[in-house]
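So the protein lines, in turn, are chains A and B. Count the first sequence with our numbering and you get residues 3 to 266, in order. Count the second sequence with our numbering and you get residues 1090 to 1379, in order.
Just so you know, the hints here were simulated from the structure itself, not pulled from any lab data. Among the hints, erroneous ones may be present.
[Said to hold, decoys possible] Restraint ranges, calculated between C-beta atoms of paired labels, are given here:
#	chain 1	residue 1	chain 2	residue 2	range
1	A	121	B	1364	42 to 50 Å
2	B	1362	A	66	48 to 56 Å
3	A	104	B	1133	29 to 37 Å
4	A	9	B	1274	35 to 43 Å
5	B	1133	A	121	45 to 53 Å
We treat Cβ as the ideally placed atom computed from N, Cα and C, and that holds for glycine.
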Amino acid sequence: MSSVEETTKLEIRGATKIYEAKTGPVNALHDIWLDVTAGELVSILGPSGCGKTTLLWAMSGLHALTRGEILLDGSPITGPRPAEIGMMFQDANLLPWRNLRKNIELPFEIKKQPVDNGRIETLVKEVGLDGFENSYPRELSGGMQQRASIVRALAPDPGVMLLDEPFGALDAFTRDEMNLLLMRLWSETSKTIVFVTHNISEAIFLADRVVVMTPRPGRLARIFDIELPRPRTVDMIFEPEFIALIQEIKRVVETGAGHTVEVE
Amino acid sequence: MSEFPRELRDETPSFDEGSPQQDHGPIDWTGLTSVRGAKSVLEIGTIIAIAVGVFFGLEAILRLTDTPAYVFPKPTAVVAALTDDFQLQYGHHLWVTLQEFFVGFAIGSTIGLILAAVITQKPFIEKVVAPYVIILVVTPMLALVPFLRVSLIQSPGMWPIIVAVALASGPMVLINAATGFRRTDLAKIALARSYGASTFQVFRKIRFPLALPMIIVGYMVGAIFGMLTAIGGEMVSASEQGGLGHQLVYFASLIRMDNFGAVLLIIEALGVSIYVVFYFIGKRWASWES
């Protein structure tokens, strides 16, 4: 774990979510306990249906929990907290009727805040989108759309970023590129990031800790501390240490637990 | 799949009967607007050649067969009839029809759009209202004009026709706009909500722009229906001012088929103008979809 000061940013306390499906109640989340430290990058990993997205949406305030609570800086999350939390969704999720610049300005518009032009321009340049501000999403590649989506999430400068499989739809090369970009931006800004993915190597590559979840009911199977040095490079994923981690985590995902750990 | 909270979930009611857009996917503008994008010189040339061919071909056939004008007027005679005393024969009546159309369409389309936005908020209301909208859509409103004139409105002026135009165009806007408002994209709504958007902001920033292409389609279809209703209404029961529909009946009764053809040309020009206007509105405001 990166050794910034150990203040707890997010506290997930007994998060449980049951929702009614046609076939009966579904236990999407079962008694999840997890603390996320300020400035930490945590990956939540698991197969589809393990409740990882449900957990992230509960953290964002878009979902209500059936039982339990999630605290941000000590106060319970009961609805969206746009000043503190920024969210990135599956796919770039840009509005096709707005050009890039107008898409990036959306959060400011909704919050009725003055647009931080300086910050937007810096970020746009940093992700290499300068000159494309007037382009529409359909004119851009998937990778470029995703960069715009990153800029949109970062522009209002939230302390916490919740990412819901943001790069799942991209090809492997673009995905690597996005992961490197994300890590660079993260190391520069000391944000707390929770990253949901079903890609083991991506989860390890990015994170300080990998939280493995298993389905039916969605529960926390195990937490892995990733002690690979930073800054990380794409070549690291071929090193024996990395491959060993992949194998170990894969085993936990497949067997459904190994053993359940308590998180203090 | 992820599960969405209740306020973000949208039931999709069955409102599609009679609606031209069954799927909620991207709209095929090219289907509606066969005039698509830039045309090549060859295409434009061919279109003009066909028009010229029909014009002179018809002229030649009518001259060779020595067809009398009351059976079928010669194209040249129709064009010539356009120019004789335009203001008295057509100009005044064009203006009457346009007033009836614009006022009726403005009222009908505004009510239709607002109703569409309101009823799609609640699936229950939408399901209850749907059959009545279908009835309004299939009712030939121009047939109501004599009834409106003699009983409900009791006016010799334009109002009975204006009401019929509103009744004809409103449901068309309503049914298409409702299809548009139902095309909700949960991820985009969640995005707006994550920035703390209110229900109204979600409507203004997400739902309305998403629905706009279908709204424009509704306006185009509604405008064409409204125009046809104005002219049909004038044919069955014109105001004391007349109107293009009145002129059609008038010239037909006098067997002045060249003048009759001239009125028809003006009506066609009106319809094509409506189409072109909405084509460009669609290009400007809904081109992101194609």
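Here's how the hints hold up against the structure:
no.: 1; hint: A:121 - B:1364: 42 to 50 Å; verdict: 46 Å, holds
no.: 2; hint: B:1362 - A:66: 48 to 56 Å; verdict: 53 Å, holds
no.: 3; hint: A:104 - B:1133: 29 to 37 Å; verdict: 35 Å, holds
no.: 4; hint: A:9 - B:1274: 35 to 43 Å; verdict: 37 Å, holds
no.: 5; hint: B:1133 - A:121: 45 to 53 Å; verdict: 50 Å, holds
In this structure, none of the earlier numbered hints is contradicted; all agree with it.
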